[in-house]
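**Student:** Listed here are the chains, written in short residue letters.
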Amino acid sequence: MRLTLRPRTDDISKRSTRFLATVVLVLLTAACGAGSVDITDVPELPGIAPTELRARLDASPDPVVVNIWASWCAPCRSEAPLLRAAAAEWGGSVTFIGINVRDTQDGARRFIAEFGLTAIEHRFDPSGAVPAEFGGVGVPLTYFFYAGGELAYVHRGVIDQRTLALWIDTIARAG
Amino acid sequence: MEFRLLGAAAGGFAAAWGSLALIHRADPAVRRSSSDLLVTGVIAGLIIGRLWAMIATGTNPLAHPGDILIVRGGVDTIAAATTAVLVCGWFSRAALWPGLDALAPGAMFGLAGWHAGCLLRDACLGSPTGLPWGWSATPGGVDRHPVELYAALLLIAAGLAVLRLWRRHPGTGAATLAALMTAASTRAITEPMRPVLGAGLTASYVVVLGIVVFAGFGVWRQRHRRRQV
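The listed protein sequences correspond, in order, to chains W and Z.
Heads up, the first sequence is in my numbering, so the first residue is 1 and it goes up one at a time.
Heads up, the second sequence is in my numbering, so the first residue is 1 and it goes up one at a time.
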């Protein structure tokens, strides 16, 4: 007769479930609030008109990344941590501007606080005039401008890490 | 944009499924089980890889469950690949090595198809290069390594080697270990050429090197045993 030391299948199943639940709990606890700031630290967003942004880009000695976002936009939430990381890494040589569109001040400030996007300069555009003028539909949109304001690339939809890093590197090298 | 990503994923899946159908054309049962295993592994890998990426960037999946579907926002490839391998291993545990070995060459060709899909996504380019085959993201810009195409070519070569190994030593685990080693080596070789946020040796890169060493040792041990026999 063969002796088996293998535990019963339902025991394995219970242990696996407990283990997985513990792992998920630990990871979620670690994830909650990572990078976020207090909403009272986020000021009201100043407004911006397309002409003002155009003048700002033309006069900029640095390359500029302009991200069009809204707090109700789920894909914007996906790319927010990437933009925070990019601004932290490239903030010295590349200017990051976030344009909040078709949104409320409270919603925008909550979003900035949740993702800790305080290293990015944010502007408020409730009518969506900026993307309408710069050519783009929907959110999110990410524009990459060389120093001096020439458009290098516009990314429609949620951006991934590699595309973001590639285009920041492209505009930074040209500058 | 999202549709181009889907197109690249479909290319990878078609390469894997097509190569499995071709390799196992004489044995429909193995063909079906390998394809099912592949689909299960890919789906499980995508879900866990996406969850891992969300958690790593500070997004709570319980608060925003719909965000799991936005795969373009990031999938942690190490978590996804590890999950896919573990799930495939779990579901073929009754005959572990024969099951995984039958899948290994198709998985390599599928990975190659996914990387070649960068042509659909405009996402082939990496770090700058002076080599003649580099190309630029913008007219007159800096030439760059087509790093995803390097990965695709390396994986095709590796896939052919794994296929040969599987034909010579089926069901021994040699093909699986060789696939793990060559896939991780491809990643280790090409990763420094990829554009990333942040610099330096990342934790995922250390994991990749660990897989290369572990699988390489397994391959060496198997060869050693075969010689002794």
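Keep in mind the hints are simulated off the structure, nothing from the lab.
Mixed in with the good hints, there may be bad ones.
[Stated by the list, open to error] For each label pair, taking beta carbons as the anchor points, the in silico distance ranges come out as:
1. Z:132 x W:62: 28 to 38 Å
2. Z:168 x W:92: 49 to 59 Å
3. Z:168 x W:137: 31 to 41 Å
[Stated by the list, open to error] Counterexamples of contact, computed for chain Z against chain W with all Cβ distances above 12 Å:
4. 7
5. 24
6. 25
7. 35
8. 39
9. 50
10. 131
11. 133
12. 167
13. 210
14. 217
15. 222
Beta carbons are placed, not taken as given, at the ideal position from N, Cα and C, and that holds for glycine.
**Student:** Does each hint fit the structure? Answer for all of them.
**Tutor:** Checked hints:
no. : hint                      : result
1   : Z:132 x W:62: 28 to 38 Å  : 32 Å, holds
2   : Z:168 x W:92: 49 to 59 Å  : 56 Å, holds
3   : Z:168 x W:137: 31 to 41 Å : 56 Å, violated
4   : 7                         : 14 Å, holds
5   : 24                        : 30 Å, holds
6   : 25                        : 35 Å, holds
7   : 35                        : 26 Å, holds
8   : 39                        : 22 Å, holds
9   : 50                        : 10 Å, violated
10  : 131                       : 17 Å, holds
11  : 133                       : 18 Å, holds
12  : 167                       : 34 Å, holds
13  : 210                       : 20 Å, holds
14  : 217                       : 27 Å, holds
15  : 222                       : 26 Å, holds
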